[in-house]
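The primary structure of each chain is shown beneath.
Number of protein chains: 2
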Amino acid sequence: MAKELTSRAENYSQWYNDLVIKADLAENSAVRGSMVIKPYGYAIWEKMQSALDQMFKDTGHENAYFPLFIPKSFFAKEAAHVEGFAKECAVVTHYRLKNDGKGGVVVDETAKLEEELIVRPTSETIIWDTYRKWIQSYRDLPLLINQWANVVRWEMRTRLFLRTAEFLWQEGHTAHATKDEAVKEAELILDVYADFAENWMGVPVLKGVKSPGERFAGAVETYCIEALMQDGKALQAGTSHFLGQNFAKAFDVKYVTKDNQQEYVWATSWGVSTRLVGALIMSHSDDNGLVLPPKLAPIQVVIVPIYKKPEQLDEITTEVDKIVKDLKAKGISVKFDNRDTHKPGFKFAEWELKGVPVRLAIGPRDLENGTVEVARRDTLEKETLALQDIAHKIENLLENIQHNIFQKAHSFRDENTFNADTWNEFKDRIEKGGFVWAHWDGSDETEEKIKEETKATIRLIPVNGKLEEGKCIFSGKPSKQRVVFAKAY
Amino acid sequence: MAKELTSRAENYSQWYNDLVIKADLAENSAVRGSMVIKPYGYAIWEKMQSALDQMFKDTGHENAYFPLFIPKSFFAKEAAHVEGFAKECAVVTHYRLKNDGKGGVVVDETAKLEEELIVRPTSETIIWDTYRKWIQSYRDLPLLINQWANVVRWEMRTRLFLRTAEFLWQEGHTAHATKDEAVKEAELILDVYADFAENWMGVPVLKGVKSPGERFAGAVETYCIEALMQDGKALQAGTSHFLGQNFAKAFDVKYVTKDNQQEYVWATSWGVSTRLVGALIMSHSDDNGLVLPPKLAPIQVVIVPIYKKPEQLDEITTEVDKIVKDLKAKGISVKFDNRDTHKPGFKFAEWELKGVPVRLAIGPRDLENGTVEVARRDTLEKETLALQDIAHKIENLLENIQHNIFQKAHSFRDENTFNADTWNEFKDRIEKGGFVWAHWDGSDETEEKIKEETKATIRLIPVNGKLEEGKCIFSGKPSKQRVVFAKAY
Numbered sequence: 001m002a003k004e005l006t007s008r009a010e011n012y013s014q015w016y017n018d019l020v021i022k023a024d025l026a027e028n029s030a031v032r033g034s035m036v037i038k039p040y041g042y043a044i045w046e047k048m049q050s051a052l053d054q055m056f057k058d059t060g061h062e063n064a065y066f067p068l069f070i071p072k073s074f075f076a077k078e079a080a081h082v083e084g085f086a087k088e089c090a091v092v093t094h095y096r097l098k099n100d101g102k103g104g105v106v107v108d109e110t111a112k113l114e115e116e117l118i119v120r121p122t123s124e125t126i127i128w129d130t131y132r133k134w135i136q137s138y139r140d141l142p143l144l145i146n147q148w149a150n151v152v153r154w155e156m157r158t159r160l161f162l163r164t165a166e167f168l169w170q171e172g173h174t175a176h177a178t179k180d181e182a183v184k185e186a187e188l189i190l191d192v193y194a195d196f197a198e199n200w201m202g203v204p205v206l207k208g209v210k211s212p213g214e215r216f217a218g219a220v221e222t223y224c225i226e227a228l229m230q231d232g233k234a235l236q237a238g239t240s241h242f243l244g245q246n247f248a249k250a251f252d253v254k255y256v257t258k259d260n261q262q263e264y265v266w267a268t269s270w271g272v273s274t275r276l277v278g279a280l281i282m283s284h285s286d287d288n289g290l291v292l293p294p295k296l297a298p299i300q301v302v303i304v305p306i307y308k309k310p311e312q313l314d315e316i317t318t319e320v321d322k323i324v325k326d327l328k329a330k331g332i333s334v335k336f337d338n339r340d341t342h343k344p345g346f347k348f349a350e351w352e353l354k355g356v357p358v359r360l361a362i363g364p365r366d367l368e369n370g371t372v373e374v375a376r377r378d379t380l381e382k383e384t385l386a387l388q389d390i391a392h393k394i395e396n397l398l399e400n401i402q403h404n405i406f407q408k409a410h411s412f413r414d415e416n417t418f419n420a421d422t423w424n425e426f427k428d429r430i431e432k433g434g435f436v437w438a439h440w441d442g443s444d445e446t447e448e449k450i451k452e453e454t455k456a457t458i459r460l461i462p463v464n465g466k467l468e469e470g471k472c473i474f475s476g477k478p479s480k481q482r483v484v485f486a487k488a489y
Numbered sequence: 001m002a003k004e005l006t007s008r009a010e011n012y013s014q015w016y017n018d019l020v021i022k023a024d025l026a027e028n029s030a031v032r033g034s035m036v037i038k039p040y041g042y043a044i045w046e047k048m049q050s051a052l053d054q055m056f057k058d059t060g061h062e063n064a065y066f067p068l069f070i071p072k073s074f075f076a077k078e079a080a081h082v083e084g085f086a087k088e089c090a091v092v093t094h095y096r097l098k099n100d101g102k103g104g105v106v107v108d109e110t111a112k113l114e115e116e117l118i119v120r121p122t123s124e125t126i127i128w129d130t131y132r133k134w135i136q137s138y139r140d141l142p143l144l145i146n147q148w149a150n151v152v153r154w155e156m157r158t159r160l161f162l163r164t165a166e167f168l169w170q171e172g173h174t175a176h177a178t179k180d181e182a183v184k185e186a187e188l189i190l191d192v193y194a195d196f197a198e199n200w201m202g203v204p205v206l207k208g209v210k211s212p213g214e215r216f217a218g219a220v221e222t223y224c225i226e227a228l229m230q231d232g233k234a235l236q237a238g239t240s241h242f243l244g245q246n247f248a249k250a251f252d253v254k255y256v257t258k259d260n261q262q263e264y265v266w267a268t269s270w271g272v273s274t275r276l277v278g279a280l281i282m283s284h285s286d287d288n289g290l291v292l293p294p295k296l297a298p299i300q301v302v303i304v305p306i307y308k309k310p311e312q313l314d315e316i317t318t319e320v321d322k323i324v325k326d327l328k329a330k331g332i333s334v335k336f337d338n339r340d341t342h343k344p345g346f347k348f349a350e351w352e353l354k355g356v357p358v359r360l361a362i363g364p365r366d367l368e369n370g371t372v373e374v375a376r377r378d379t380l381e382k383e384t385l386a387l388q389d390i391a392h393k394i395e396n397l398l399e400n401i402q403h404n405i406f407q408k409a410h411s412f413r414d415e416n417t418f419n420a421d422t423w424n425e426f427k428d429r430i431e432k433g434g435f436v437w438a439h440w441d442g443s444d445e446t447e448e449k450i451k452e453e454t455k456a457t458i459r460l461i462p463v464n465g466k467l468e469e470g471k472c473i474f475s476g477k478p479s480k481q482r483v484v485f486a487k488a489y
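Protein chains in written order, with the numbering used here: chain A, 1 to 489; chain B, 1 to 489.
Bound-form chain A, shown alone:
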């Protein structure tokens, strides 16, 4: 077919870009750095949203919606926060256009805002300004709120899904009476994210905390999940921040305790974004196209009729209608591709490119024999099965594929995880790709130098991980545990 992909071996980066475009997931827009998410890509995001939203609700969270715009002065209230985000803010300065007298429009300079508005890059400031009004007493706590929203960060180098100026995400913002409760919340959400990554996306993740240099701007501790892509680079798939009392102090949010004392409130925030679609693509897909885990596939089963004469199609359709009905009764999404404009070979390649987990092909001989050809996308294996009880067989096969996709990614990660004990070994391993566990002396300076020399960053520090005395790979200073290094997206 016409839509051939660059192979991963040839050029992984080009393969990714080709795939996003050719599988109709997204494309660049006329606005620098902003993408258009096409229906097939958006359908994957909707499935992600739906699963995550249920998980948040099951853990006691409610959705709300806060303004897109944030007054500039709010930003300056938390010093680390503004330092982290000021350099990538879209700024609204005017609220009106006018005719330029030449058929175009210009900004109306008389409609200048007294205070500029920032398009939210994240919403801690506007939300904590609001929480001041909502929280008076310990009875108002905890406050467990999430919002689904778009945010803007003026990134200079963008890539579809992975890094875009505007992206879609969810951001949770919770308020608690005690430090302990807030830390537990941040950890709970990390577990929710890891559960989602592994059991829905089929992407194994490591859990840990960021080094101080990689923390969210304004956080006391940033928890993260990290996944390994097929090119050996790491991808941060979600973060959950323990914010201490930083935002409560910046926005003066206090509560009255049971003992009638005034105390600052403890906070968390946490988010995952459309970046997860990029992670999903890069974890499983191959040189034929997307490989989607059944739980997130917009279409789980496609059925392609094989026929020469119209009356054969009629007979096949009668049989297919029964299969479709049985599959739908099990909650399985199915598409009967009966287009007469394309040949089966074209359709096979197209649905492979789009990552549909199971493909059924059925022709006159199958009808005679009471069989159907079943192809699975993950292994590209085919087998001919009896039509009897086929919906049940496919249901099992989808579960099997979901499991297999995760196992395959897990094996890949295992094969690409290493210890390094000398600087040369470290540089060599980092160059080849993968997660590298190594000792680090805990200083920002060493972290920075390692990054300069190898482009590797500390992806995470394990929490409650195995303690092991060792020497820093770079400085030789003492260290109590290994941390995980990798080159990253």
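You may find that some hints are simply not true.
Any copy will do: because identical chains look the same in the list, a pair fits if it lies in one copy or spans two.
As the list claims (entries may be wrong) - Distance condition first, Cα-Cα at most 30 Å in a straight line; then the derived DSS-like pairs of lysine-lysine:
#1 449 with 477
#2 382 with 249
#3 258 with 343
#4 309 with 335
#5 87 with 455
#6 330 with 57
#7 98 with 233
#8 112 with 77
#9 47 with 57
#10 295 with 47
#11 98 with 451
If you're looking for bench data, these hints aren't it; they were derived computationally from the structure.
With chain A fixed as given, assemble chain B onto it according to the hints.
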């Protein structure tokens, strides 16, 4: 209780504002004209979204996502469109802040955009710029796309839900090969909106088209649904636009027909917004608070225990657990309000304020008798029912309430719909409120003068309505049918 509302009779406008705040639906934010949608208000919007989204999908539409920002030059391409929206646009001019050296931040003047970006007030321009790339042949049509998004219109006078600078909505944008097909699409969506308003919101609506003066900027025809609020003012609850080839011409979107001819594509766009939450509140609620139709109520049933001793609560809880289980099995959302911090009377008032359709109260005597007290929010009636088969009885009651809410609003509209045949009669009727059917000569000038003198606007012109010769209420010129006038939100 403390949260007393202003009565509708005393001050309808104040009643509405009080209710939105006191029922915890929304509040004003620190950003002028932008609201914070609180969890209870957002839960209503989520229910609306979910129902509408399914209706769009059932009629063949897919979701996608287009950029928040629109290049300024795109706006100038469709003359009527820019004229309609240029005066209320938020404009992004810079992409960076910097420290001001005094602990604050200022806009970095070196980071000025070459071309300003408009925060989308609606997305026709960016979408039709994209469609140019997606549409080549008749095989690419129809294109049936919807997006859920936030938009910004710099309104000067804002009211929670009804008119805010930023609001949430869905916007459908479809492309068709023929005029006829596009008109049918605009009409289909109008029917979907009317179905949703009547059968989910319980709000009866009139369907028709706008006069040229009230059309969407860039449309050939604007279809609308109009509802009547309890103060006798009309509220436009949804619009569906037939855009002709205006945007296809502005953005050069042509397709090759089956006969191999190049033709411009035909378009529609359509939207409903968080304004519907305002319409819902104003249609049904009373001086005790919200009245929510069961299909959109975040909590459909609340259960309040009546007890003096803890062991009584234990016994009640055992019985309530069974009721909750049976209700949930029927898909009914239920909350057991067992807070020990508040008395039953407080709880009754609170759930009345929040519009929960059905309230159950159960005490020791009920346990003895095998009964429960059932109160319905719409009529405030109470009755004592046997516990046997209670879930089934409540299921029927919820259906009954859904129906009754609609009937009540329908009767109200009937009682407040009038014909007017003289100018004095017209002025008098308009002053009193309600829908007024009257003859109009079809001219912009007359429409404008009627508005100046009475504040009434033409809400809609019936499509395929009864033809009736008559004379314009204002000019005396001949007219072929009555149109609907009202003062409006």
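Status of the hints after comparison with the structure:
1. 449 with 477: Within one copy only: 14 Å inside a chain, 85 Å across chains, cut-off 30 Å.
2. 382 with 249: neither (62 Å within a copy, 49 Å between copies)
3. 258 with 343: So residue 258 and residue 343 pass the 30 Å test across copies only (20 Å; inside, 73 Å).
4. 309 with 335: within (21 Å within a copy, 60 Å between copies)
5. 87 with 455: Answer is within; shortest intra-copy Cα gap is 22 Å, inter-copy 49 Å.
6. 330 with 57: Both, since 25 Å and 20 Å are each at most 30 Å.
7. 98 with 233: neither (49 Å within a copy, 33 Å between copies)
8. 112 with 77: both (23 Å within a copy, 24 Å between copies)
9. 47 with 57: both (16 Å within a copy, 14 Å between copies)
10. 295 with 47: Both, since 8 Å and 24 Å are each at most 30 Å.
11. 98 with 451: between (49 Å within a copy, 26 Å between copies)
In the structure shown, a violation is registered for the earlier hints numbered 2, 7, in ascending order.
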